[in-house]
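> Just so you know, the sequences run in chain order V and F.
When we follow this note's numbering, the leftmost residue of the first sequence carries the number 6, and every step to the right adds one.
When we follow this note's numbering, the leftmost residue of the second sequence carries the number 20, and every step to the right adds one.
Mixed in with the good hints, there may be bad ones.
Stated by the list, open to error - Taking lysine-lysine pairs in the DSS-like style, the calculated list, with each CA pair at most 25 Å apart, reads:
1) F:K158 x F:K87
2) F:K249 x F:K236
3) F:K236 x F:K246
4) F:K87 x F:K104
5) V:K28 x F:K104
6) F:K236 x F:K158
7) F:K87 x F:K47
8) V:K25 x F:K236
9) F:K158 x V:K30
No lab work stands behind these hints: they were computed from the structure.
Every value quoted in this text rests on a predicted model; they were computed, and no experiment measured them.
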Amino acid sequence: MKKENKKRIGRSYWANIWRKFKKNKLAVFGLVFVFILVFLGILAPWLAPYPYDEVHYEAVWTPPNRQFWAGTDQLGRDIFSRLLYSLRNAVFVGLGAQAFITFIGVTVGLTAGFYGGTMDNILMRIVDIIYSFPSYLLNIILVLVLGRGYLSIFIAISATGWAGMARLVRGQTLSVKSRDFVEAARASGASNTRIMFRYILPNIMGPIIYAIFSGIPGVMLLESGLSLIGLGVRPPMPSWGLMISEATGQFLYNPYMLLAPAGMLVLTLLSFNFVAFGLRDALSARE
Amino acid sequence: MSLYIVKRLGWIVFNLLILSLIAFALIKSVPGSFLELQMLLGQAGTTATGLTVSEIDKIRGVETEMMKRWGPTVPLWEQYITFIKGVVTLNMGPSFRWPTQTIEEIIKKTFPVSFTVAILAITIAVLIGIPLGIIAALKQNSWIDYMVSALVMIVSAIPNYVMAVFVIFLFSFWIPILPTYGWGHPKNYILPVLAMAFGPIGSIAGYMRTSLLDALKQDYIRTAWAKGGKERHVIFGHAMKNSLIPLVTILGPMISHLILGTVFVEGMFGVPGMGQYFSQAANSRDYPLMMAQTVIFGLILMIMNLVVDIIYFFLDPRIRVSRR
Numbered sequence: 006m007k008k009e010n011k012k013r014i015g016r017s018y019w020a021n022i023w024r025k026f027k028k029n030k031l032a033v034f035g036l037v038f039v040f041i042l043v044f045l046g047i048l049a050p051w052l053a054p055y056p057y058d059e060v061h062y063e064a065v066w067t068p069p070n071r072q073f074w075a076g077t078d079q080l081g082r083d084i085f086s087r088l089l090y091s092l093r094n095a096v097f098v099g100l101g102a103q104a105f106i107t108f109i110g111v112t113v114g115l116t117a118g119f120y121g122g123t124m125d126n127i128l129m130r131i132v133d134i135i136y137s138f139p140s141y142l143l144n145i146i147l148v149l150v151l152g153r154g155y156l157s158i159f160i161a162i163s164a165t166g167w168a169g170m171a172r173l174v175r176g177q178t179l180s181v182k183s184r185d186f187v188e189a190a191r192a193s194g195a196s197n198t199r200i201m202f203r204y205i206l207p208n209i210m211g212p213i214i215y216a217i218f219s220g221i222p223g224v225m226l227l228e229s230g231l232s233l234i235g236l237g238v239r240p241p242m243p244s245w246g247l248m249i250s251e252a253t254g255q256f257l258y259n260p261y262m263l264l265a266p267a268g269m270l271v272l273t274l275l276s277f278n279f280v281a282f283g284l285r286d287a288l289s290a291r292e
Numbered sequence: 020m021s022l023y024i025v026k027r028l029g030w031i032v033f034n035l036l037i038l039s040l041i042a043f044a045l046i047k048s049v050p051g052s053f054l055e056l057q058m059l060l061g062q063a064g065t066t067a068t069g070l071t072v073s074e075i076d077k078i079r080g081v082e083t084e085m086m087k088r089w090g091p092t093v094p095l096w097e098q099y100i101t102f103i104k105g106v107v108t109l110n111m112g113p114s115f116r117w118p119t120q121t122i123e124e125i126i127k128k129t130f131p132v133s134f135t136v137a138i139l140a141i142t143i144a145v146l147i148g149i150p151l152g153i154i155a156a157l158k159q160n161s162w163i164d165y166m167v168s169a170l171v172m173i174v175s176a177i178p179n180y181v182m183a184v185f186v187i188f189l190f191s192f193w194i195p196i197l198p199t200y201g202w203g204h205p206k207n208y209i210l211p212v213l214a215m216a217f218g219p220i221g222s223i224a225g226y227m228r229t230s231l232l233d234a235l236k237q238d239y240i241r242t243a244w245a246k247g248g249k250e251r252h253v254i255f256g257h258a259m260k261n262s263l264i265p266l267v268t269i270l271g272p273m274i275s276h277l278i279l280g281t282v283f284v285e286g287m288f289g290v291p292g293m294g295q296y297f298s299q300a301a302n303s304r305d306y307p308l309m310m311a312q313t314v315i316f317g318l319i320l321m322i323m324n325l326v327v328d329i330i331y332f333f334l335d336p337r338i339r340v341s342r343r
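So here's chain V without its partners, still in its complex pose:
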């Protein structure tokens, strides 16, 4: 980092990362795709040609055609529209749950790393305990307790998911804490909160953003897994997991029913993964 700054005075931390990130074609491609997907997901109600629950009895199990771009399912619902709504669903859950995870993880990790001592011991013991839990089963139980709304899925996923983020942030905080600029801030009378959020946090943002991006696909997978066994968002609101489970019995006769949601799921996860890989390379190249 220091070397870089000497070479190019005036180029900030972010400009450096962005410059390296841009070189990775696949990552930029992934980022563009992520933006398109998020955009499509948010605008799904306006873009979808049909409502997600509109039933066309006259057109059950129609292969893709001009009227139904991705065909229809066993109730004659337009699969293309359902794909868009599933995307919206996945984007909501992916970003929402990851926001919860990031918030809890950063707060706990920063506090533990910064204050150290007893506080660190207690918080990290909690993290260890959560780490040793069978998180997937707890997610299922939490969804049962809280019901099947967005908020409860956010909470269910983040309740066990924040431990990894907290560990990462704590480690990063420890490595930054003893640097000179923190010392300088302390000497000029900055409060603990100010040091944590204005000095330490911006300097560990890189790894945090990498963790956010690499975590989103996992959250999306978890969500579609939950709806696969009937515990995701409430039907008829579609989810890739639900669409996949509805299509598995039909795969030999109507393969498009499975290929469409599975393809979208894989595409979405891949584009997030590409961004995450690119970020990792851009971040590690700096040392």
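Let chain V serve as the given structure and place chain F on it in line with the hints.
Below, chain F without anything else, positioned relative to chain V:
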């Protein structure tokens, strides 16, 4: 070392107590109760269909047993104590969903199935993933390397339940040689194991590649080359040995995740494993079975982590020194 293991075992007991407490509290606050519903209908336990007369007789006994353990008149703390006692003494009582079986019977029956599938999948993943990773690392930036890297990325984005469907399509429909559903014949193992092995193949290959590349850059490898070591000797004798160590750390959690994460795949192939029973138990509010399975999964996970740490201890002399 033995002190360390004793300490860790102590933490496992503590963590399990907390886990059981959390699971108990959560499950007890789930809206809707199986037992109350059955009481309303006046037929606790008879929901299971296709029962013989002797089984129905057995259920009558089960009914009183259930009420004694989980009935609404029993205070919560007593239910919790009974539950813990049940786990420790392996006497957890009957399941709600499958009233003719006790929970320990169900677990005794399902755990070996899930475990076998997971171990087979891991074995395949190791046998394919490690060579792939080695080849990719040795031929860095060649087309083989790019292929492996692409495989790692794609596989990491395909969930095993989607893989399951493609495997079914490939081997049961396109080349119809294997059964898609059922259990009992060794042939039934092939498809679920394949579907579950893909993800681990990708991550093991990726891990092996980075770890071997890392090892090849170390000073001791340069020394080994400088001393005139043959390629085979340097790579397999020095670099490989050290690059396998980090792999051990991911294998332990991977096995436990495969045992737990088979929920979807088991349902698809009709594998009578723990995952399938858990999702069915969750959907029919079978609290005792859910709680027991959560605690047992937790135990498996924690023991796996401990085993990994112990293996690590023996493999990596640096840790041995620092922990002494």
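> A separate judgement is required for each hint: does it hold in the structure or not?
Now for the hints, and whether the structure bears them out:
no., hint, result
1, F:K158 x F:K87, "violated, 66 Å"
2, F:K249 x F:K236, "holds, 17 Å"
3, F:K236 x F:K246, "holds, 16 Å"
4, F:K87 x F:K104, "holds, 14 Å"
5, V:K28 x F:K104, "violated, 60 Å"
6, F:K236 x F:K158, "holds, 14 Å"
7, F:K87 x F:K47, "holds, 16 Å"
8, V:K25 x F:K236, "holds, 23 Å"
9, F:K158 x V:K30, "holds, 22 Å"
The structure fails hints 1 and 5 (numbered hints given earlier, in ascending order).
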